[in-house]
Structure formats: structure tokens, C-alpha cells
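Enquirer: The listed protein sequences derive, respectively, from chains A and B.
With the first letter of the first sequence counted as 1, position 262 gets the number 262 in our numbering; the numbers rise by one all the way through.
With the first letter of the second sequence counted as 1, position 34 gets the number 34 in our numbering; the numbers rise by one all the way through.
Accuracy of the hints is not assured; some may be wrong.
Unchecked claim - With the C-beta cut set under 8 Å, the calculated list includes, among others, these residues of chain A facing chain B:
#1 P199
#2 G201
#3 E241
It should be emphasised that the hints constitute simulated quantities derived from the structure, not laboratory data.
Here the structure is a predicted model, which is why all the values come from computation and not from measurement.
Where is the CB? At the ideal position from N, CA and C, for every residue including glycine.
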Amino acid sequence: MVWGRITRRAPERRSSAFDEEFIRKLERLALVTRRTGGWLAGDHATRRQGSSLEFADHRNYAQGDDFRRVDWHVYGRLDELFLRLTEAKEAVTLHVLLDTSRSMDWGEPNKLGYARRIAAALAYVALASSDRVTVARLGTTVEQFMAPVQGKAHALGVLRFLDEPGNAAQTDLNAALDRYAMSRRGHGIAVLISDLLSPGGIEAGLRRLAGRGFDVLVLHVLAPGELTPELEGYLRLVDQETGETIEINPTGTVLAAYRRRLDDWLTDVQAICRRVSANYVQFETSMPFEDAFLHLLHRRRVLA
Amino acid sequence: MSLLQPIALFFLLTLPLIALFYMLRVQRQDVIVSSLLLWRELKEEASERLTWRPPVRNVLLILQLIIAALLAFALARPAMLGAARPQKNVVYLVDASGSMQATDIRPSRFAEAKNRVRAAVSALNTDDTATVIRVADRPTIMGAGSDKQLLLKAIDDMAPGVGGADMKTALTIAKSLSRSGLANEIEIYSDGGITGVEEVPEIPAAIKFNLIGQESFNIGVTSVSARPLVAGGSRCEGFARVVNYGDRDAQVPLSATVDGSPIEQRILQLPARGQTDLWFDLPAGARLLEVKINPGDALPLDDVGQALCPRARQVEAMLFSDAPSTLQTALGLLPNVKLATSQTGQYTPGRQADLYIFEGMVPERLPQAAGNLLIIGPRSGGALLNLLGQSTGGLTVTRTDAGGEAASVLLAGIDAGAIQLGRIARIDVPEWGRSIADTEEGPLVVVGETGGRRVVVLTFDLDQATLPQKLQFPLLIANCVRWLLPDPIPATVAPAQALVFQPFAGVNEIVVERPTGETETFATRGESITYTRTEQLGRYRVYQRNGTWIASEEQFVVGPLPAQESRIRPNNELVFNTVDPGVVGLRSSLGQEIWPLLALLGLGLLGVEWWWFYCKR
Numbered sequence: 001m002v003w004g005r006i007t008r009r010a011p012e013r014r015s016s017a018f019d020e021e022f023i024r025k026l027e028r029l030a031l032v033t034r035r036t037g038g039w040l041a042g043d044h045a046t047r048r049q050g051s052s053l054e055f056a057d058h059r060n061y062a063q064g065d066d067f068r069r070v071d072w073h074v075y076g077r078l079d080e081l082f083l084r085l086t087e088a089k090e091a092v093t094l095h096v097l098l099d100t101s102r103s104m105d106w107g108e109p110n111k112l113g114y115a116r117r118i119a120a121a122l123a124y125v126a127l128a129s130s131d132r133v134t135v136a137r138l139g140t141t142v143e144q145f146m147a148p149v150q151g152k153a154h155a156l157g158v159l160r161f162l163d164e165p166g167n168a169a170q171t172d173l174n175a176a177l178d179r180y181a182m183s184r185r186g187h188g189i190a191v192l193i194s195d196l197l198s199p200g201g202i203e204a205g206l207r208r209l210a211g212r213g214f215d216v217l218v219l220h221v222l223a224p225g226e227l228t229p230e231l232e233g234y235l236r237l238v239d240q241e242t243g244e245t246i247e248i249n250p251t252g253t254v255l256a257a258y259r260r261r262l263d264d265w266l267t268d269v270q271a272i273c274r275r276v277s278a279n280y281v282q283f284e285t286s287m288p289f290e291d292a293f294l295h296l297l298h299r300r301r302v303l304a
Numbered sequence: 001m002s003l004l005q006p007i008a009l010f011f012l013l014t015l016p017l018i019a020l021f022y023m024l025r026v027q028r029q030d031v032i033v034s035s036l037l038l039w040r041e042l043k044e045e046a047s048e049r050l051t052w053r054p055p056v057r058n059v060l061l062i063l064q065l066i067i068a069a070l071l072a073f074a075l076a077r078p079a080m081l082g083a084a085r086p087q088k089n090v091v092y093l094v095d096a097s098g099s100m101q102a103t104d105i106r107p108s109r110f111a112e113a114k115n116r117v118r119a120a121v122s123a124l125n126t127d128d129t130a131t132v133i134r135v136a137d138r139p140t141i142m143g144a145g146s147d148k149q150l151l152l153k154a155i156d157d158m159a160p161g162v163g164g165a166d167m168k169t170a171l172t173i174a175k176s177l178s179r180s181g182l183a184n185e186i187e188i189y190s191d192g193g194i195t196g197v198e199e200v201p202e203i204p205a206a207i208k209f210n211l212i213g214q215e216s217f218n219i220g221v222t223s224v225s226a227r228p229l230v231a232g233g234s235r236c237e238g239f240a241r242v243v244n245y246g247d248r249d250a251q252v253p254l255s256a257t258v259d260g261s262p263i264e265q266r267i268l269q270l271p272a273r274g275q276t277d278l279w280f281d282l283p284a285g286a287r288l289l290e291v292k293i294n295p296g297d298a299l300p301l302d303d304v305g306q307a308l309c310p311r312a313r314q315v316e317a318m319l320f321s322d323a324p325s326t327l328q329t330a331l332g333l334l335p336n337v338k339l340a341t342s343q344t345g346q347y348t349p350g351r352q353a354d355l356y357i358f359e360g361m362v363p364e365r366l367p368q369a370a371g372n373l374l375i376i377g378p379r380s381g382g383a384l385l386n387l388l389g390q391s392t393g394g395l396t397v398t399r400t401d402a403g404g405e406a407a408s409v410l411l412a413g414i415d416a417g418a419i420q421l422g423r424i425a426r427i428d429v430p431e432w433g434r435s436i437a438d439t440e441e442g443p444l445v446v447v448g449e450t451g452g453r454r455v456v457v458l459t460f461d462l463d464q465a466t467l468p469q470k471l472q473f474p475l476l477i478a479n480c481v482r483w484l485l486p487d488p489i490p491a492t493v494a495p496a497q498a499l500v501f502q503p504f505a506g507v508n509e510i511v512v513e514r515p516t517g518e519t520e521t522f523a524t525r526g527e528s529i530t531y532t533r534t535e536q537l538g539r540y541r542v543y544q545r546n547g548t549w550i551a552s553e554e555q556f557v558v559g560p561l562p563a564q565e566s567r568i569r570p571n572n573e574l575v576f577n578t579v580d581p582g583v584v585g586l587r588s589s590l591g592q593e594i595w596p597l598l599a600l601l602g603l604g605l606l607g608v609e610w611w612w613f614y615c616k617r
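One chain only, chain A, in its complex shape:
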């Protein structure tokens, strides 16, 4: 497959969130990322012996060692046999955990669409860097996931998976993260993309994830209507997930109280992330997608 020319297919159910223009953006982002050394703070190096060309060290030859690894330049100088040691590169698995509950399918711009784009960009860049990528859709549990893939050839498949509509009605991130953590080995980076509006909270799930060895990154996606709601009149608010209603009269006092409550909640979320050693980045869907991704990259470098 030749990147840069995408074979178009007629949409099966609905129009795709990932059109040709978006794919070109992903290409540009991947290029930028590689030039800046990769979004994952460089390749993970290990002192384990590997078969790469990167020189690491020498050691004395011991009987039974592979003669092809003898450094003959050193033998010529020192008349002693030394083995040439090289660095072994370890492939990183990127776990993209996308919250597809109904609360995500809200907002102008839509949070779920925005989150899909973030997830797609992360996956694409990782695949372009020869990292493994796996994607899961979360709701009250792990609703769907795909097997890890590696290489840019799988980028389209990942995008297709991300583009499929979610069927999760409600949110229970604790249960979903717990389940995911227990079903995977703790390698790689787990990126949770969610609005974190989980009635049961998120700390237990994040703690489980971090405890299983994942490097956790929380991307908190919120819509402008949640950050600064513009409501007036005599209203009946309806929860999109549960259908529960409350009647309010959103006076200035009430809205100010909401903002205080929101600030408190955001503070709590960030504190939770710190406690579980997870990185936290907040996104507002009104921010242009490319700016959001570059901001993420910058934050990632700072954090690294």
C-alpha cells in the first residue's frame, strides 16, 4: 500500500470521521513527531543484548560466545579477544482506551468525534514509528477491542475500528479500566480518552491500570457547553445516559455554583491522576484538533 493515496470507499453506515484531509493531517503530524524525536520521549533502549547496529559496550570473550561478534579491531590493537555489545530496541505498545459512552456523544463540537480524532492521531503516529497499537472502546466495561497491530499498513484498519459507532449506553470507567488492566500485561502506554463523567469515579480504575505496569496518560475531553453552560429559562435537564431529570432555574447564582463545582471536580481529577502517577491533559473540543495534538506533544515532552 502506498501512503499518501488512500483508496476511497463508499460509507457503509454513515459518513466517516476520517476523510482524506484528516489522513493528510495525520501524515503531517507523524512527520513532525519523528523530527522531534517521537512523541513517546524517544525510543525505549535496553541493555539487553540485541541485534541492532548501535554499539553499546565490550566484554571479554568467553568460550562458547559467537565468533561473529568478536571485535577484530580491538584484537588487532590489544591481541585479546573482546565481544562487541549492541543496544536492543524494545517495541512499545500503545493502548488507546476510548470512552464511547453516550455522555461522550454530546456537545458542539461533539466530544466523541473529537476524541476519535485524538485517538486516531495517536494510533497513526505510533504505527508510523513502528510501535504496536491496540484500541479498545469503553463503556460500563470493555465494549470492544482490537488485537495489537504494528506498522503503518494497519493504520487504516485502526481508523476503521475507531470510526465504528459505539454501543455503550452508560459509563463506569472504574469497572472498564479494571477489566482492561486485568486482561493485559502491563507493558506500554495506556491513553484514556474520556470525559471522565463516570458516576462511580475513576480512581480505582486508574490505580489498577497503573498498578499493572501501564504508563497512564489521561486525556480529559470536555465540550464548551460543559465548561460554560449557556442556559436560561425554566428548564428540565435530562441526562443523556440515564434519562434522569432535574428541574432547574439557571440563574446567575446557580450557574456560578455550577462553575465552582466544575472547578472542584477538575481539581479532584487532577489530584487523582497525580496519586496514581498518571499524566493528565485537558482538551476543550472548541480547540482545533491539530493544535490540540501539538499541545499534547509539548506536554508530553515536558512531562518526560
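For chain A, the structure is supplied; the task is to place chain B on it using the hints.
Expert: Using the frame of chain A, we list chain B on its own:
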């Protein structure tokens, strides 16, 4: 502007009620949020148990208040005041004569007149009044008042006629309405073919003449008739007159038929404003002569004329008398009476006749046939009378009763005072009859109907009275025969002319078959029927019957169109004698009511409210 029903403004009280209802009933708008996670904790301070709210700016509330106000205002019936002017009370005179059926104005002059009157009535204000009069041979008030719907229906119900237009009488009616303050304007819709209007003096109203008609060219059959060649004969000769009213010579195809069979076809050469008279020898037994032309002009109504050959009705009379000479002489003077004479002893009930005359006797068994009876000087009661005896002589007529149809016919021209009587038969007046002339010793002339036949009883003895020697005796006998046997219907009747049908004895129904085939039935118990529906040209048939028994069948023809109606030239030079009606008080006239506009506006706002509530949300 004025309000015709100001009390309806009471409904404006619904406006504060609507606002109050709005204030008490809190309507909340549903808003879907991603999650109530953060709102839930604000529920206590965010919710309020509202029992009332001030009517804040709300589009639906405002719309509903406007709609309620519009409806209340519409119910109050606002009307725009017109300029101050006298109230209009208009009399519309519509010419319904035969010339108004000319088609130079499509579909016809009469239809055009109706359309114009309809438009004039529609343009009247609410408080104006109108009277619509159809002017034919007899003017008829079709409708009056201020109800436009009734007036328009009256106009629609008007039909054209085939006779003339008595505009003089119609103007007289309009003048009387003006004098009584019921009319201040008179509008005439006519082609001007009317006469006598200048003879109506001092009409206290403004008269507006609306001329309808353009064409003057017309050729018509103005006269058709048929008469016996010899009095009482069976062969007739026919006559027809064709007149060219136009200003140019014309050639007109003409055809004449007798009972449907053609007798003549030719092309008539008619000079401008000239006429041609035609004579036809009709075959024996001919009944209906029809003359038809085809000039292709604007009035086809006068292109056909019909005439019936008159038939003298022969009366079969049977005289039973032992000294018949006097009666034979009197009856012989009647041209349509065919008399047979027998001795009284030779009477038998089976003898057939239309009229039985008994002198000096009343049979014990009346004739089987339904013929009528004339009894003179009875010497026995027989089956009809209760004979009390014979009177002494020297009697005179002491009383006559000219009331009623029978008396008016029987005593017409009779000088009862000059009659000197000898012996008379003294009888009781029977239940079936009544006395129309009395003497000192009892009734002289008794008339009535019994057993389905008419009966006249003359109680005086012919030998004893002076009457037979006087000229009044044949007259009396002729009167008796005339009453006992009704006059035939005239063969030709002018359009719109009334006819009187005299029923034969024993008849209880008279049926009239019109030229279109439509029949009308009139019940009778011997009284005459006056028939006025002769507005159709053509042949009519008249049947007199009792159940399945047909007593007589006669025919008559209505037509042709009167000559003055064939002259269709429009005439705008009529003179009316009007006088100033005097100062009439001015008052503002109520113009157009505007409630329909308000109701429509309210309906439109209702649609906007629906759109706002359902679609915009």
C-alpha cells in the same frame, strides 16, 4: 370605525385569565445534557418550587394574548364608517318582457340585467334596503329588505317572460314606495321597449335607467291564425305575418307545417322595415298550423308561430215535449246545438245526449248518459223533485239572487220584473240545488248539481207565462245551455293571458299539459279554474276528467310573441316625471365590516404559534 356588538368586548377579560394561567403553570423546556453528575449536587439550590412566576417575555404567551384580543374584537363586529350620506333605499325594476330574451348581449339581455342588479345589491351597505321587482305583464315583487342573501336569491329566482313589460304599473308601485319613505332611488334595467312611463307623474325619487341591448336587427313571425273557411265548417285557412324590423333588406327561409306535415317552404324577400303577409289553405281536418323562419337574428323566440284551427263544439240535445215548437225555436237559434225531439211518452233512459230537455215531465229514471238536464214546467217530480202541486196564476218574480256563478250566467240580461207568470209548479228546493229566482208561491229557477250532472229547473209553464213571447226567452234558454255546457277554450291565447276553465258536469280534475310536456293538475268540485301560467309559447292541452273517465280534451296555443317585443331596437329616450324628494337627513353609513379580516389574522397567528411551538423547538 364603529362597533356593532360592543358587548362582545367582555371577552377581553380572557386576556388577564390567560396571563394568570400562564403565571400559575410553569412550563419547562427540556434540555439534554451529557451528564447530571455535576448538576445533581446543585439540585437543592437550583430547583425552586414555583407556585407562580411573573409573565416573563414569552413568545407563546404574547401570541396567545394577541389572538384572544383579535377574536374578542372580531366578535364586537367592528365596521368602517362610510362617508356621511343618505341611506339608500333602492327599487330595482327588471324588464322581463320577451325582447329581453334577445341574445345580442350574451347570454341574454335578461341575464345581463340580473347580473347588473346582483352587482348593485352586493355593493349596498349593511343598512341600505332594496326592493326587486320583476316587470312582466304583471309586475311582481321578488324580494325586499336589507338581507343581501335573500335579495340575491330573489334575483336568481327571476325568469324571463314572453309577454310585455307593464313598466307603468311597476313605476307606480315604486312611486308609492317612495312616497312612503321606503325608496329614494329607482333603477330600471331594460332595453327600453316599454311604454307609458311618462304617464306616471311626480315620482319622488331619483331614476336611473340602465340600457341593456345593442342590436336592432330582428325578423319575427308576429301573427299566426287559422279560421274556418265557412262558419261551422271543418276546413280552415291560415294566416301569418312576418316583419323585418331591421334597417336592411333580408332573405329569410320560411317553412309551414300542418300537424307536422310540411305544406310550404320558400325564401321570403323582406324589405327593410317591411312585412309580408302569407295565406295558407289548410287541408280538411287540419288542427295545428306552425310557421317557422330562420333569420339568424338575436331573438329566436319570435321565429316560430302556431295557431289552432278552431272547432265548434257540437252539442247533442234531446228534447222531450208534447208541444215542442216554442223550445225548438229557442234552441234552434243556438248554432252549436244539434236538436232531436221526441214525445214525452217516447223517453227511454238509454238515449244518448249531452243535454236533455224535459218539458212538462221529470222522468222516474234519469238518463244513463251523464248529460245535463233542463226541466221546464214539471208536472211530476219524478226522480229529482218533490212536487207540491200547481200554483194559481198571476205570479211575478219577487226575488232574484244574482250571487254565484250560476246565477250570474243564467240571469245575465234577464229583466225579471218584466216576467208575468201563469201557473208554476210548486216544488221544494232540493238539497242539491238552490233557488235563484222566486215567485209568491215558490221558486221559479232552481239550479244545482246532482248525480254528476248539472240541472236547471224552470218551474213556470210555457203556455201560461208571457216570457216565451218575449225576446228574453231565447236569451234565458241560451243562458241555461251556456251554464249547462261550458264555453270552449279559445284556440289562441296571448302570452301571459289568463284563462278560465269551466269544468263539465261530473269532472273533479282538470289537467293542463304544457308545451314542454309538464302537467299540472287542478282539483275542482264544479268551480272554475283560473289558469295564469301561459308564459310559455306553444300548444297546451287541457283534459277534464274524473278518474279514468275523460269528459273532454281541448287544446289552445299561446303565442306568438307580441309584435312590440319583436322590435328589439334599444331605446334610451324615455321620459320620467320625477320630483325632488326633498331634504333627506344625512347620517353616517355603516360601511364594510372588518371582522373577517380580524378572524383571518387570528387564524394566521394561530399558525405561527403552532410553528413556533412545534417546529422551532
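Enquirer: Against this structure, judge whether each hint is valid.
Expert: Hints and how they fare:
1. Given hint, A/P199 at the interface with chain B, holds; its Cβ is 6 Å from that chain's nearest Cβ, closer than 8 Å.
2. Against a cut-off of 8 Å between C-beta atoms, the interface hint on A/G201 is violated, since the closest Cβ of chain B lies about 10 Å away.
3. For A/E241, the interface hint holds, the least distance from its beta-carbon to any beta-carbon of chain B being 6 Å, beneath 8 Å.
Checked against the numbered hints above, the structure violates only hint 2.
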